[in-house]
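First residue of the sequence shown? That's 1 in our numbering, and the numbers climb one at a time after it.
A portion of the hints provided could be inaccurate.
[Claimed, not checked] Straight-line alpha carbon distances no greater than 30 Å define the calculated DSSO-like cross-link-like pairs of lysine-lysine that follow:
1) Lys564 x Lys587
2) Lys587 x Lys776
3) Lys902 x Lys840
4) Lys386 x Lys397
5) Lys781 x Lys662
6) Lys840 x Lys796
7) Lys397 x Lys476
8) Lys662 x Lys587
9) Lys587 x Lys672
10) Lys564 x Lys796
11) Lys442 x Lys277
12) Lys672 x Lys662
13) Lys442 x Lys397
14) Lys902 x Lys796
15) Lys439 x Lys476
16) Lys397 x Lys277
17) Lys840 x Lys781
18) Lys662 x Lys564
19) Lys277 x Lys386
20) Lys672 x Lys564
21) Lys476 x Lys442
22) Lys564 x Lys840
23) Lys390 x Lys442
24) Lys776 x Lys840
[Unchecked claim] Simulated DEER-style distance windows between Cβ atoms:
25) Gln40 x Pro216: 29 to 37 Å
26) Glu752 x Ile228: 30 to 38 Å
27) Gly246 x Gly127: 52 to 60 Å
28) Thr77 x Asp174: 23 to 31 Å
No lab work stands behind these hints: they were computed from the structure.
Note that this is a predicted model, so its numbers are computed, not measured.
Backbone N, C-alpha and C fix where the C-beta goes; we use that ideal spot for every residue, glycine too.
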Amino acid sequence: MGNLLRRVRISVSVSAALALLVGLCLTALLFASVRRIESQARTRAFQQDASLRINAVSDGLADAIEQLMVVNQLFNTVGVISREQFHAFTAPLLARYPELHGLSFQRLVSDAERPAYEAAMRRREPGFAITEYVDERQRPAPRRASYNVVEYIEPAEGNSAALGLDTAALLTYDDARSRSRRNGRATATGLLSLVQQRGFHTGFLVLAPVYQRQAPQASTYQRERAVIGETAAVFRVDHLIHTLLGRASLLDRPGMSINIYAAASAEPAQLAFSNGKAPHPPEHGGARALLPAWLVYDHPPPVGAVFHVAGEPWFIEVTQEPRSFVESHAGSWYALLGGILSSLLAAAYIYSLVSRHSTIERVAGERTAALQFANLRLSEDLALRKRTEKALRLREKVIEVSANAVIICNAEGPDYAVEYVNPAFEAITGYSAAEVIGKSLKSMQGAGHDQQNIDEISAALREQREGHAVLRNYRKDGSGYWNDLFIAPVRDDAGLISHFVVAQYDISAVMRFEAELQYQAGHDALTGLANRHLLNDRLSGAIADAARAGTGLWVVFVDLDRFKFVNDTLGHEAGDAMLRVLGERLKSAVGEADTVARMGGDEFVVVLPGDPGNGAGLRVLQRITEVIAEPLLIQAHEFFVTCSLGVAVYPEDGATAETLTKHADIAMYRAKELGRNNYQFYCPAMNARTLERLRIEADLRHALERNELVLHYQPQVDVLSGAIVGMEALLRWEHPVLGVVSPLSFIGLAEEMGLIIPIGAWVIRTACLQNMAWQKAGLGKLRMAVNLSARQFTGKDLLQSVADALEESGLAARYLELELTESMVMNDVDSAITILRRLKELGVHIAIDDFGTGYSSLSYLRRFPIDVLKIDQSFVADIALGADGAAIVVSIISLAHSLRLKVIAEGVETAEQLAFLREHGCDEVQGYFFSRPVGALEFEHLVAQGRCAMA
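My request is simple: use the sequences and hints to build the entire structure.
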């Protein structure tokens with residue numbers, strides 16, 4: 001019996017031990033499974049948390065940079081604004097986005113512009129100077145080709161050190177500035193030390209180029225030439241990112257570390273922001289080294305992402321410190337304890353109740369399975385609840401920090417009581433939340449006459465659907481504002497509409513900008529008068545009114561006489577000032593119902609409706625000529641300007657705006673042909689003359705490329721020897737239909753069309769090549785005289801054109817003589833002297849043509865670096881007519897010789913004239929007595945004869 005009991009006790013011990021071992025094994029498996037699920041769940045939760053932080057940083061940086069683009073768009077649309085406008089525009093942005101450390105405008109200033117620029121800035125900012133930042137010290141910038149000067153910066157407080165700073169000296173800017181100017185987009189710099197902050201890598205800048213308005217920007221070259229400066233936003237990296245994460249409550253999570261690098265990878269030297277301690281991997285020793293890390297610790301892998309800041313790659317890395325599953329109170333810990341306890345209980349039950357071991361095992365198995373399932377459901381419920389609460393808090397924060405007004409009202413009509421408004425609503429409307437909560441939504445919609453689209457919102461509320469409208473509302477102080485309003489229904493858990501959410505976007509600035517654009521589209525930017533487009537609309541409307549009423553109307557084309565003289569003498573600023581004054585005068589000369597428009601340049605159009613043919617129209621024309629003729633004081637110079645008027649009458653001269661304007665233009669040109677300062681009414685014959693002129697203009701534009709222009713040459717003869725010593729090149733146009741056209745018929749036209757510059761350059765080049773060809777042919781070294789036009793003389797390419805012709809032909813400069821009239825050099829004496837001296841530096845000879853017909857001053861004549869005086873042919877013709885004419889010629893010869901100048905007499909046609917000139921010491925002569933202007937081949941025969949026939 002004793003042995004039997006001993007065997008039974010051994011069997012019970014083994015059974016209990018086996019039961020305990022099996023329970024512990026099951027507990028270990030359960031613990032491992034739950035730990036694996038927990039580890040994966042915590043990894044996913046960490047990845048979601050990391051994604052929230054990555055998105056918050058990347059979206060926040062993009063939104064902050066967008067504020068710079070708003071400022072940049074203002075500069076590129078409106079042009080360079082004043083400091084006060086810059087302050088007024090940027091103050092709301094800086095208040096709304098405190099993470100912006102500063103907004104600035106940096107102007108591109110050349111070295112030549114630096115003195116004037118610094119002087120102008122000192123009038124606004126005493127002590128202003130262009131400076132640079134070297135070795136953490138600010139000092140005056142040395143001279144260089146150009147500067148990028150911080151002209152405006154907001155806020156001024158704390159950023160005054162940057163005012164006047166030349167950022168071109170900062171090498172860290174070069175790459176970003178170069179790329180932004182080439183591609184026309186905003187570009188970020190790398191990490192750098194800010195002038196406003198001490199230390200290194202405290203911030204970065206975003207640069208966006210500002211271009212000259214209406215300048216072409218299609219290519220990189222055009223963009224680099226059109227740039228006049230740039231707008232820049234200054235960010236302190238730690239403050240900016242800390243604000244972005246702190247605003248979303250994403251900072252200082254225990255055990256989490258956030259590192260942000262201003263590079264595409266985790267480069268320690270480019271660390272821009274760090275929050276939290278870098279985690280250390282768990283140390284495994286002994287038996288722990290045999291177990292997988294996830295079984296003991298929660299340590300998800302780091303999450304990294306690359307995002308772009310104004311085109312530059314940045315890298316963010318989020319890591320989590322390893323935590324023991326015991327510290328996290330995970331469900332696996334409870335599963336482990338429960339499993340161990342269950343195993344011990346099972347063993348105890350088996351030890352005490354062997355007979356009931358099967359029942360106990362079954363119960364233990366069921367309880368173990370139930371516990372496992374309960375632990376799993378508990379983990380899932382906790383994770384889901386946490387995610388839900390986090391999502392709700394995030395949505396609430398988004399609404400609170402939204403820049404747009406958000407209103408939540410109930411869906412019970414007809415009042416639709418307001419239940420919530422966000423801070424943006426209070427800022428936009430001036431009403432506090434306490435003043436509007438509980439009030440009717442309709443009470444905030446303003447007066448009906450200002451709400452053309454309110455019916456759409458009322459219908460959306462009534463029909464419980466989405467709605468959208470642009471409305472004009474009023475703030476608490478009575479000021480109006482435009483808003484883009486969206487309304488949408490919100491359903492409860494039962495699917496019924498319980499509330500409406502209303503979003504208001506303040507678009508007042510956009511509406512003002514659109515109104516300004518609409519005004520600019522219809523008005524001239526210089527004078528404020530109607531432009532061509534608005535004129536066409538008003539004239540078409542006036543024609544329609546006249547057709548209905550059976551009345552007439554006049555279209556008057558006004559062109560200023562000698563306006564080009566003002567532009568050429570005083571510059572375009574003086575011309576613009578004159579146009580503004582004359583535009584106001586034109587408005588004062590007509591009635592309020594009449595339209596005054598500027599077509600461009602010095603051309604205006606006046607529309608006189610209401611049947612002006614009864615005599616009122618003529619009085620208006622007289623008033624226009626009188627007010628235009630009144631003296632003008634421009635830049636301390638008094639001017640007297642006249643105008644030429646052309647009138648087209650509806651319906652006799654046309655039935656459309658285009659036809660009437662064209663016919664009035666034709667009549668105006670007829671008024672100019674008849675001596676200017678008068679008015680002419682259109683008649684059909686004018687159109688024929690205009691068409692002929694247009695045909696000649698069109699042919700003249702192609703004359704050069706069709707080789708229709710040729711040079712004729714008239715010899716210049718030495719009075720004593722009779723030898724040909726030079727020739728004058730004279731331009732002729734061999735028209736395929738009209739034959740040889742005299743220069744008197746087309747030179748003036750070429751001046752008006754701007755073709756005189758290329759034609760003049762062609763004459764100089766062709767004359768030099770021809771002279772060199774004759775020299776190479778052995779016909780002697782003769783002097784070639786070429787006439788310059790007034791526009792050619794003052795053109796910026798004259799010196800280069802002459803130098804190129806001499807270089808291409810190989811002709812020595814002393815064999816080229818340039819002829820100018822007295823009036824050309826007397827219009828602007830100082831400028832003429834400068835040009836003449838530069839021409840003399842090339843080595844060419846200078847001659848004053850038609851001397852005696854202008855108003856030369858002897859004091860000025862001595863200052864001109866000239867070689868030859870040419871006596872006008874009118875004086876030569878008067879030699880035989882009386883003593884006065886002969887005396888003038890003798891005086892000119894004596895004057896020239898006293899100034900050591902040669903004298904050439906033009907228009908010599910008789911032997912008596914030649915004898916008189918020889919007797920009184922004239923050096924050279926030319927005229928029909930010797931030869932008419934002839935072609936190159938015939939001139940060669942004259943030169944081959946050696947001398948001209950002398951009486």
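Q.
So, against the hints stated earlier in the document, which numbers end up violated here?
A. Hint check: 2, 5, 11, 23, 25 and 27 fail, others pass.
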